[in-house]
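Just need the whole structure built from these sequences, with the hints factored in.
Protein chains: 2
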Amino acid sequence: MNIKKFGGEFKLIEKISRTAKNKNVIVGIGDDAAVLKFGNKNLFVTSDMMCEGDHFSRAYYSPKQIGIKAMVSNLSDIAAMGGLPLYAIVSIALNDDTTVEQVEQIYNGLYKVADRFNVDIIGGDTTHGAVLIISITLIGQAKGKRIITRAGAQPGDVIQVSGPLGGSEAGRQLFKRKIKGFERVKKLHTEPSCRLDISDQIATYATAMADISDGLASDLRNICKSSGVGAIVNREAIPIADNVKRAAHLLGTLPSDLALYGGEDYQLIYTVANKFSEKVPGVTIGEIISGDKIYLENKGERKELTRFGFDHFL
Amino acid sequence: MNIKKFGGEFKLIEKISRTAKNKNVIVGIGDDAAVLKFGNKNLFVTSDMMCEGDHFSRAYYSPKQIGIKAMVSNLSDIAAMGGLPLYAIVSIALNDDTTVEQVEQIYNGLYKVADRFNVDIIGGDTTHGAVLIISITLIGQAKGKRIITRAGAQPGDVIQVSGPLGGSEAGRQLFKRKIKGFERVKKLHTEPSCRLDISDQIATYATAMADISDGLASDLRNICKSSGVGAIVNREAIPIADNVKRAAHLLGTLPSDLALYGGEDYQLIYTVANKFSEKVPGVTIGEIISGDKIYLENKGERKELTRFGFDHFL
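Chains as they are written, first to last, in numbering that gives the first Met the number 0: chain A, 0 to 313; chain P, 0 to 313.
Fair warning: there could be bad hints in the mix.
As the list makes no split between identical chains, a pair holds if one copy fits it or if it spans any two.
[To be verified] Straight-line distance between alpha carbons at most 20 angstroms, and here's what the computed SDA-like set of lysine to any residue pairs gives:
| no. | residue 1 | residue 2 |
| --- | --- | --- |
| 1 | Lys63 | Glu13 |
| 2 | Lys14 | Gln64 |
| 3 | Lys302 | Glu190 |
| 4 | Lys177 | Phe5 |
| 5 | Lys63 | Lys224 |
| 6 | Lys177 | Gln140 |
| 7 | Lys4 | Val99 |
| 8 | Lys4 | Asn94 |
| 9 | Lys14 | Asn94 |
| 10 | Lys40 | Asn21 |
| 11 | Lys40 | Ile25 |
| 12 | Lys177 | Glu235 |
| 13 | Lys22 | Asn117 |
| 14 | Lys40 | Lys144 |
| 15 | Lys40 | Asp196 |
| 16 | Lys177 | Arg245 |
| 17 | Lys22 | Phe116 |
| 18 | Lys224 | Phe174 |
It is worth saying that the hints were derived from the structure and are not from the lab.
Structural data, given as structure tokens:
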């Protein structure tokens, strides 16, 4: 059966995943990063692959931006576990169109982000492929004893996000439709940041956490599935920057839809016990409830969320 | 400048590599695996990417064989450091031609090899790409205190290889030229093994080691460059299986050329002090000398080696 007809990424990953046998695997497949007991420490490891045509286009990404985004998407997964990133392993396939200058610029982008967070690129693979591909594996470590996974959200917890959403998807659509202007919005797509700056503070109180890479709807669903809970999200509470709202208007879409279904914002979504919600930076957008359904509330009207983020195999 | 005109993989990797800042990086870019001090242990990490069209073809690889080879090539890098493999992170890009059954078979191949060496697949990325791509990062640990790198070969050391060579390249050429028969030789290309079975024994005595993934000539050059030495290789001493010799005859090539320039045999090449050479399994093919030149000796005639293995960017 063709993978496009099978039923999406979730089902595919379920089919190929097995439980780890090594008892030092604390968190295996299915979270933002795996967690391993290694000697006297906990090690985090995550991997993200970006393929030209699917994840970026040289038509509107500079080579440096490709490097920036590839590194940020991996760092974001470590941030989502409350971890400290340490080492990156970069594998890159170059096609015949690639110039040496482009390769250097890609690495300038990788090093720009890596340097900011004291991450060393310690190896990888440099090879040839039909399209340009970057696959990064990031190794980090736990900061304290606590490891924040997607499981752990409790009914009654508030749901927060670390900052404004929807910008990356707005930028992507602006590029796709060749709309001029909105340079700052477009940069949210091509030069995203991750929230390692505040992930520590959040991790002190969060009961569950994920990064927003597949869209708010998808990433919240991941937390709900892993935690065995449901959620109510207040659509009007989803934070959107003013210029993204203006771009949404021009694109003829709801700003909150860009946030819910767009992805690649690399903000964090997390749940916190109500009594601690004031202590954690971010914006409250809803509440965890019992059950397994996710509801969107808008001006008093409550609807079950049935659409999720982008799925490569749907 | 186009990457094909720049001067090969070595120059390209030199251009993009930097020395690690973190003092826990014991071995960085440029060996089979990086070595990191992590808590009270040494961690090995390596990554290999395989792209359809460049590294394999579904025309003559079964999906299971693609999985086998991807895992073996990474395990081989850990074997080359004398390490114990522990965890694999598998990132895979699937294209529209891929079926669910193929994905399952690829994972059957990955798990077949991983299970044999008690390696857990603990995560990765499953995404869409223009061609089928598998990128694996393997994490291992040092077995004892010794770490065998490519540096450490001394003039007077003997050069050994762990087993017969040239089979993978013979198999590849048989497939390419659509020659019938030679099924066992062809399997050396599509279903290689790695030498984790004896890497321990070798590591006890080896002064330097690498796996033979780019061809004997290339991988010996890596050892010589890293160790600051030269070498003499006796062409007639290079071990070649009888059926590979027969295939070479049919292909109109020297069997030892298949070994020298072919690659993907995943045997080990290592140097040992003369007095220990009897204690180490394998076949002696030459000797380390001072200087920086590598000579091929054939029936008393000595020529400098100037051709090396396959380079994606030459």
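>> Output the indices of the hints that this structure fails to meet, ascending.
In response: Violated: hints 3, 4, 5, 6, 12, 15, 18.
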